[in-house]
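Engineer: With chain L's structure known, arrange chain V on it following the hints.
In order, the protein sequence lines correspond to chains L and V. When the count follows my numbering, it moves up by one through the first sequence with no breaks and lands on 403 for the last residue. When the count follows my numbering, it moves up by one through the second sequence with no breaks and lands on 226 for the last residue.
No lab work stands behind these hints, which were simulated from the structure alone. Beta carbons are placed, not taken as given, at the ideal position from N, Cα and C, and that holds for glycine. Certain hints may be false.
Counterexamples of contact, computed for chain L against chain V with all Cβ distances above 10 Å [claimed, not checked]:
(1) K83
(2) E235
(3) I270
(4) V374
In silico EDC-like cross-links for lysine to aspartate or glutamate, where the CA-CA straight-line distance does not exceed 16 Å [stated by the list, open to error]:
(5) V/K96 x L/E12
(6) V/K96 x L/D398
(7) L/K390 x L/D323
(8) V/K189 x V/E32
(9) L/K78 x L/E255
(10) V/K74 x L/D398
(11) L/K83 x L/D219
(12) V/K3 x V/E27
(13) V/K97 x L/E306
(14) V/K74 x L/E255
(15) V/K96 x L/E403
(16) V/K97 x L/E12
(17) L/K83 x L/E246
(18) L/K131 x L/E96
(19) L/K161 x L/D112
(20) L/K89 x L/D125
(21) L/K190 x L/D200
(22) L/K89 x L/E255
(23) L/K78 x L/D219
(24) L/K251 x L/E241
(25) L/K322 x V/E75
(26) L/K228 x L/E96
(27) V/K3 x V/D25
(28) L/K228 x L/D112
Here chain V is said to cover these stretches of chain L; the calculated rule only asks that three of the stretch's residues, wherever they fall, bring their Cβ under 8 Å from a Cβ of chain V [what the hints assert, rightly or not]:
(29) 139-153
(30) 256-267
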Amino acid sequence: MLFSAFLQAIREIRRNLMRSMLTAMGIVIGIASVIAIVNIGKGASESITKSVSNLGSNILYLMPSQEHGPGGNSAFTKPFTMKDAEILKASVLSLEAISPVATASVMALYKDQNYQTSVRGVNNDYFAVQKWELKEGRFFEPSELRTGQNVCIVGQTVIGKLFPLGESPVGTKIRLQKFSCEVIGTLNTKGANTFGTDQDDLVVVPIKMFQRRISGNEDVPLMMTLVKEITPLEEAKVQIEQVLRERRHLKEKEENNFSIRSMTALLDTISNVTSMLTVMLSAVAAISLVVGGIGIMNIMLVSVTERTREIGIRMAVGAMAKDILIQFLIEATVLSALGGIIGLVLGIGITVAVAYGLDIAVIIDPAISVIALVFAMLIGIFFGLLPAKKASNMNPIDALRYE
Amino acid sequence: MIKLTQINKIYGSGGAATHVLKNIDLEIKQGEFVAIMGPSGSGKSTLLNILGALDEPSSGSYTFLDANINSFSKEQLALFRRYILGFIFQGFNLLKKTSALENVAMPLIYQGVGANERRERAQSALSSVGLESHINYNPNELSGGQQQRVAIARAIVTNPQVLIADEPTGNLDTQRSHEIMELIRSFNKNGITVIMVTHEEDIASFATRTIYLRDGVIERERTHAL
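Just chain L, with the same shape it has in the complex (with noise of 0.2 Å):
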């Protein structure tokens, strides 16, 4: 009998499939977009997990001000100088490199050739931290980052940029503004980190020079410390706090007027926002399911009406209410679960064709596609529940009757 309605079922989607098609749509768009976003969703955190990874878990960043971003609010937070930097170096041992950083958009010449790029003031740690690697040339020389000498690193952005024709830029001076200075090495690649920024889109300089030339100021606005993976980064924190409060002459219940942020920090509020998104646009497109439940209620209410005669005939030969009654849930289930599979299948290929064009993780959640499907055919049978209950109470004699 089940199946038997189930291969009845078939018959009347394929008979009138153009309405059949019209009436799962709504199931099809409700969990594609849900397969869809909570898909990418997942890819995309795990991109941006992967890639924070990569940046180092043991990297801590420390901003002269409580608020987020580089440096905060300058106006009123007591920046970090370069002595603080050394002082943290010599006195805490838990740290492996640390690097003051400062970084301004300048204008880049070489030339005809002008590019606008981003300036990083930093020392050698910096490149520690950050893992870059050489490809060509040399880091800077001790005498160069005390004096501040004109000497820059220059990433793969900036080289093919200013140097077109694909000759070396070790040896030549590039204009920064106003001076020039002298490329005395090149960064390997590195491409577009997660959030989609180039990361070989830099010039670095010694700091000193950075301040002196670009700055104006001997401010520090970011310090990048690499904690060595021996020691708990908690701890480092603490060590690096207990310096950072003393140097800042912070009284016993003051709060900091600094903060210590490392990537599982950055990693945990970035999960969190994405996890937050994924389950609000979820439950967006959990509203068109709804709207396709309706109708599909809609259409097996006019099913009934246009069938009422069949209702009878069937009823005449013996059908029961109940065989009625499952009947029409069936055929709204099948409507349902068969848009259900549509929509998977093109939230699938929605799910593909974004993490491709994104260039995150392609991540098919086997459960979500099941909770889907299972989520269809229940919109079927609960929608389908009222047209189904409108056919199984007919009198056999007036469904006969009808016209």
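Structural biologist: Chain V only, in chain L's frame:
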């Protein structure tokens, strides 16, 4: 086999009530071929619907082989129709866009018969009405006479004890009508009790007994010589 005692059927209530059947007493023996005749509005179709367990009497008793049909639940009535009765309707009442074979096999679904057996029995029923070469035709591809043959095949595929026929030749010309009646008579001769509503004397002449209804009352009845 079938016994109706003091059957009344009233549609509506109060001043708008219509008394369609009035104190009908009727007994039908197994193997009989009974025709019910009467002018329009005489109550013959209502009587047939009550006999076919499609409608319930307002009062009176309907017994089938000592079983009180009045006391049956909706489910029991459905089982009664499923296993005991076969229906032939004036308008054929075949499922559209469904092959003759599927139409005929449909009642067997509700008897829980397996797909292969359904197919065999439906084919056999269609053969018995001379449509073995039309099993895959949809109703709209068949003539009126052929459609009624499919409907007859559907009615007899479950081997019913009683065949309920409501104006089975109403939509057919004389020649096709006689062919259909011969077919019904052949099933009656094989032991199936037939109860048929008609308004045509020559069609009623195929029956062994004719009951004449007028204004909801059995006016007279006539037994035909075989």
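Engineer: Evaluate each hint against the coordinates.
Structural biologist: So, going through the hints one by one against the coordinates:
1. K83: holds (89 Å)
2. E235: holds (73 Å)
3. I270: At about 56 Å from chain V, L/I270 clears the 10 Å cut-off, so the statement holds.
4. V374: holds (28 Å)
5. V/K96 x L/E12: holds (11 Å)
6. V/K96 x L/D398: Answer violated: V/K96 to L/D398 is near 19 Å, above 16 Å.
7. L/K390 x L/D323: Distance ~13 Å between L/K390 and L/D323 Cα, so the pair holds.
8. V/K189 x V/E32: Within the cut-off at roughly 9 Å; holds.
9. L/K78 x L/E255: holds (13 Å)
10. V/K74 x L/D398: Cα-Cα ~15 Å, so holds.
11. L/K83 x L/D219: Roughly 11 Å separates the two Cα atoms, so the pair holds.
12. V/K3 x V/E27: Measuring from Cα to Cα gives roughly 4 Å; hence the hint holds.
13. V/K97 x L/E306: holds (14 Å)
14. V/K74 x L/E255: Distance ~80 Å between V/K74 and L/E255 Cα, so the pair is violated.
15. V/K96 x L/E403: holds (14 Å)
16. V/K97 x L/E12: Answer holds: V/K97 to L/E12 is near 10 Å, not above 16 Å.
17. L/K83 x L/E246: holds (13 Å)
18. L/K131 x L/E96: holds (13 Å)
19. L/K161 x L/D112: Status holds; Cα separation ~11 Å.
20. L/K89 x L/D125: Distance of about 11 Å is within 16 Å: holds.
21. L/K190 x L/D200: holds (6 Å)
22. L/K89 x L/E255: Not satisfied, since the Cα-Cα distance of roughly 23 Å exceeds 16 Å.
23. L/K78 x L/D219: Distance ~9 Å between L/K78 and L/D219 Cα, so the pair holds.
24. L/K251 x L/E241: Roughly 13 Å between the alpha carbons, so the hint for L/K251 and L/E241 holds.
25. L/K322 x V/E75: Distance ~9 Å between L/K322 and V/E75 Cα, so the pair holds.
26. L/K228 x L/E96: Holds, because 5 Å separates the two Cα atoms, which is no more than 16 Å.
27. V/K3 x V/D25: holds (8 Å)
28. L/K228 x L/D112: Judged against 16 Å, a Cα distance of about 45 Å means the pair is violated.
29. 139-153: With 0 residues close enough to chain V, the hint is violated.
30. 256-267: violated (count 0)
Checked against the numbered hints above, the structure violates hints 6, 14, 22, 28, 29 and 30; every other hint is satisfied.
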